[in-house]
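Q: Modelling step: build the complete structure from the supplied sequences, incorporating the hints.
Listed below, chain by chain, are the residues.
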Amino acid sequence: MTDKRNNPKAWLYLLPAVILLLIFSFYPLINTFRMAFLNGYNGLAIIGGEKFTFGVENFRTVINNVDFKLYLRNTVLLCVLTVPISTVLALLIAVALNSIKPLQKVFQTVFFLPYVTNSIAIGMVFNAMFTQVGVGDLVQTYGIINNIIGLFGAEPINFVNTGSSWGANMFVVCTYIVWHALPFKILVLLGGLQNVNKQYYEAAKIDATSKTRTFFRITVPLVSPMLAYVVITSFIGGFKEYSSIVGIFGESMGPAGSSGQMNTIVGYVYNMLPKSNLGNASAASLILFGIILVVTAINGYVSKKKVHY
Amino acid sequence: MKIVLQNLTKTFPSRNKKGETVVAVSDLDFEIPDGKLIGLLGPSGCGKSTTLYMICGLQKPTSGKIFFGDSDVTGLEPEHRGVGLVFQNYALYPHLTVRQNILFPLQNLKGPDKLSKEEMLSRATEAARLVQIDELMERKPSELSGGQQQRVAIARALVKAPRVLLLDEPLSNLDARLRLQTREEIKRIQRETGVTTVFVTHDQEEAMSISDMIVVMKEGVVQQIGEPQRVYDDPENLFVAKFLGTPPINVFDASVTGGFLCVGGDRLFEMPGEADREVVVGIRPEGFVPAGDGVIGGKLVNIEVMGRDCSVVFSNPACQKPTVRAIVDSDVRIAAGADAPVRFNLKKNKVFVFDRTTERRIMF
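Protein sequence lines, in the order shown, are assigned to chains A and B.
The opening residue of the first sequence carries number -16 in the working numbering; numbering runs sequentially from there.
The opening residue of the second sequence carries number 14 in the working numbering; numbering runs sequentially from there.
Simulated from the structure, these hints should not be mistaken for lab results.
Please note that the accuracy of each hint is not assured.
Taking lysine-lysine and the PhoX-like style, the derived pairs with C-alpha atoms no more than 20 Å apart in a straight line are [what the hints assert, rightly or not]: (1) A:Lys188 <-> B:Lys127; (2) B:Lys49 <-> A:Lys288; (3) B:Lys31 <-> A:Lys84; (4) A:Lys52 <-> A:Lys288; (5) B:Lys15 <-> B:Lys49.
A: Structure below.
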């Protein structure tokens, strides 16, 4: 029998995939590291034949950048706010869905719709819902949310338009992200719930276990592997948040005139590209990579301790 | 706590046709005496598990009543019935240790029944000791063998001192050796606690060996209730006779002709006063006694020696199966090759006669 690891035929079959991976994954990955550690690396200058020295100047520039600090704060806040909220909501909805028989499929479809809808399109709809047309006393009409707020007699809030506050923007973006994140989480958690043997619940029922205790002592531990998966993936997704903000605010990454107050790290990376600040963009990417790596490691560590079996 | 089932019926809506129903359990009406171990026995689909689930309250009867002692529990939710249930695959919480699993029911107690932490722990330890798993308290269910899991499940069911203990196919997930051991264990635990216990099984040997009383069911209808030996010795119909006993009873097409019971050309017994008619005869394997001039016989197929006794397998055209199996003392030597004729006399109390159409027993 031939050694499977050195089977030339196997390599031949793998070749198309390997070539594509080399060109589009491994080379960019390695090149990102290279560019990040070349001081002041610049896409235009390299055509001029300029030589760069290795160093951490790019990282220093990025970290000392005032905008980057704001973007980092935005990104972290978005994660910290949306991941727990959407996970808890998704779990509650999944449990509710799992406990109804009629219309379960209908609701499942309804809840899944955001997942298959273009995120830019959703962002525009969110903008329309929260918007107001006109400024200050000259506002002519409001979006549906302000109309609803008006029904309760409260003052309209400037959510997304010129002069809107950072907090109001944050609220809209978080709402968007939570809503957009729900379907996938519901799907995963519902799958987990449906795999839980019903006899655990029958056993709990016979032992007179209260609903709350059943939820916390049986349901949550038994779907904890799915919960861990959902939390880890949504943290990763959260740190890469970008398209939601583009969808709501457009490329300005914030209300008009705010110089991008809702921007994120990925947004910063994109900002750097047209300026050919490839060194800074790479450094920022690597910082993001580092953050995600650490958070995922922490997640993994915690779930190893808390996730059962 | 005695359990009384009164005209208990359970129907399910049919899967394919609208409006039609499938009767799972029909008109169950019997009493389970206090402190006894009862086996609900029958082939799969006979309604025995449904009966068990109705007793514990996870399923509601379509009609009829259930009493625990004198109190009607028919409408009571399972959590208020005070029953302990051991599931077929144990349903131990996989994320909890053995101790936590056993403590779980106690931690649910509220109000006046609420126990202190020390009390809970001591009761859990006591239950664990009863089923002999007190050394495994810190393990997770996945680290236990099937038999150990079974014991944990029993401990969890017993720890809250239930009025009734219910076991659903308690031995079906165990291997043959463990099954023997565990069934004795169940009997011992039941004796020590004195709790009224109902268990469900399709294995007649299991039911016969440990039950104080067995209830044989078929297609949702009770066939016979009684002490295992009595039911075995005195089956009321052909189904019960066929279902109990390993190897199974030998069934022959027979007739009553001129006051004699005849199988093929052989006259077995006199049946005075019986009108001529077609019947079915069942003969237990241990009912055959080898005798050269015996009343029944056939062509020898094989002799299986099993040490203590041996099986004589022979063919008889009147038998409903291709071969007849007789169990005889291994001292008896039947030295004969294949196809040699063999003859047997019969022990009369091992021979049962049934009506061909109703399959009910005809006494003689």
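Q: If a hint holds in the structure, say so; if it doesn't, say that too.
A: Each hint tested on the structure:
| no. | hint | result |
| --- | --- | --- |
| 1 | A:Lys188 <-> B:Lys127 | holds, 18 Å |
| 2 | B:Lys49 <-> A:Lys288 | violated, 46 Å |
| 3 | B:Lys31 <-> A:Lys84 | holds, 18 Å |
| 4 | A:Lys52 <-> A:Lys288 | violated, 33 Å |
| 5 | B:Lys15 <-> B:Lys49 | holds, 9 Å |
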